[in-house]
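*Asks:* Starting from the given sequences, assemble the full structure and let the hints guide the process.
Take the sequence shown: its letters are residues 4 to 170, numbered as in my numbering.
Incorrect hints may have been included.
[As the list claims (entries may be wrong)] Cross-link-like lysine-lysine pairs, in silico, DSS-like; alpha carbons within 25 angstroms at most: (1) 62 to 43; (2) 87 to 114; (3) 114 to 85; (4) 62 to 114; (5) 85 to 43; (6) 87 to 62; (7) 62 to 85; (8) 114 to 91.
[As the list claims (entries may be wrong)] Have a look at the derived ranges for each label pair, beta carbon to beta carbon: (9) 54 to 161: 26 to 36 angstroms; (10) 161 to 15: 31 to 41 angstroms; (11) 10 to 130: 46 to 56 angstroms; (12) 160 to 128: 23 to 33 angstroms; (13) 16 to 51: 44 to 54 angstroms; (14) 128 to 6: 48 to 58 angstroms; (15) 85 to 127: 42 to 52 angstroms.
For the record, the hints were derived by calculation from the structure and aren't laboratory data. Backbone N, C-alpha and C define an ideal beta-carbon position, used for all residues, glycine too.
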Amino acid sequence: MKRKTVFFLIIGSVLLLVVILGYCSLRKVSNRELAARRGKPMPVLPFRFLSPLHSLEGKPVVINYFSPDCDHCQYMATQMVKNKNAFKTCEVVMVTGANEGQTRAFITQYKLNELSFITVGIDTASRFFSLFGMADSPSFFVYSRQHYLQRAIAGETRIDSLSCLLN
Numbered sequence: 004m005k006r007k008t009v010f011f012l013i014i015g016s017v018l019l020l021v022v023i024l025g026y027c028s029l030r031k032v033s034n035r036e037l038a039a040r041r042g043k044p045m046p047v048l049p050f051r052f053l054s055p056l057h058s059l060e061g062k063p064v065v066i067n068y069f070s071p072d073c074d075h076c077q078y079m080a081t082q083m084v085k086n087k088n089a090f091k092t093c094e095v096v097m098v099t100g101a102n103e104g105q106t107r108a109f110i111t112q113y114k115l116n117e118l119s120f121i122t123v124g125i126d127t128a129s130r131f132f133s134l135f136g137m138a139d140s141p142s143f144f145v146y147s148r149q150h151y152l153q154r155a156i157a158g159e160t161r162i163d164s165l166s167c168l169l170n
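*Replies:* Quick look at the structure:
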């Protein structure tokens, strides 16, 4: 009986290690693909916006893919509100695959509707991944004033790492 337990523990550990290594190697490929996209023009945004999309012309743009029920996304929304002055020269376009009810509740809860530089859209046709190459929650795509990709960031990040790219 003890041998069986040890055997299954070893097999389980090996399988877990294989899964972790596989994930890490896929992540590296994804990062290389994102680096290859650097300098590419911003795609047309085919999302359904909950308020009119502001003019993006001549302004840096941060595109943020988020999910209303993601803890990291909630934290980032709080940080954007708290550090709103860091974004005063740009436009932030937040995009989600969630339904309209969840999205509006998120906007209200985190007071995003009070920030004039934020526009929120819903990816009703699930096109975000094909346009941007990843759809991790949260993801940030920072575009220059000329709308060329400067940096793509997967996951939670510090506000100053976004804002330093916007000036």
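*Asks:* Indicate, hint by hint, whether the structure satisfies it.
*Replies:* Against the structure, the hints:
no.	hint	result
1	62 to 43	holds, 16 angstroms
2	87 to 114	holds, 11 angstroms
3	114 to 85	holds, 10 angstroms
4	62 to 114	holds, 23 angstroms
5	85 to 43	violated, 31 angstroms
6	87 to 62	holds, 16 angstroms
7	62 to 85	holds, 21 angstroms
8	114 to 91	holds, 16 angstroms
9	54 to 161: 26 to 36 angstroms	holds, 27 angstroms
10	161 to 15: 31 to 41 angstroms	holds, 36 angstroms
11	10 to 130: 46 to 56 angstroms	holds, 47 angstroms
12	160 to 128: 23 to 33 angstroms	holds, 27 angstroms
13	16 to 51: 44 to 54 angstroms	holds, 46 angstroms
14	128 to 6: 48 to 58 angstroms	holds, 54 angstroms
15	85 to 127: 42 to 52 angstroms	violated, 30 angstroms
The structure fails to meet hints 5 and 15 from the earlier list, while all remaining hints are met.
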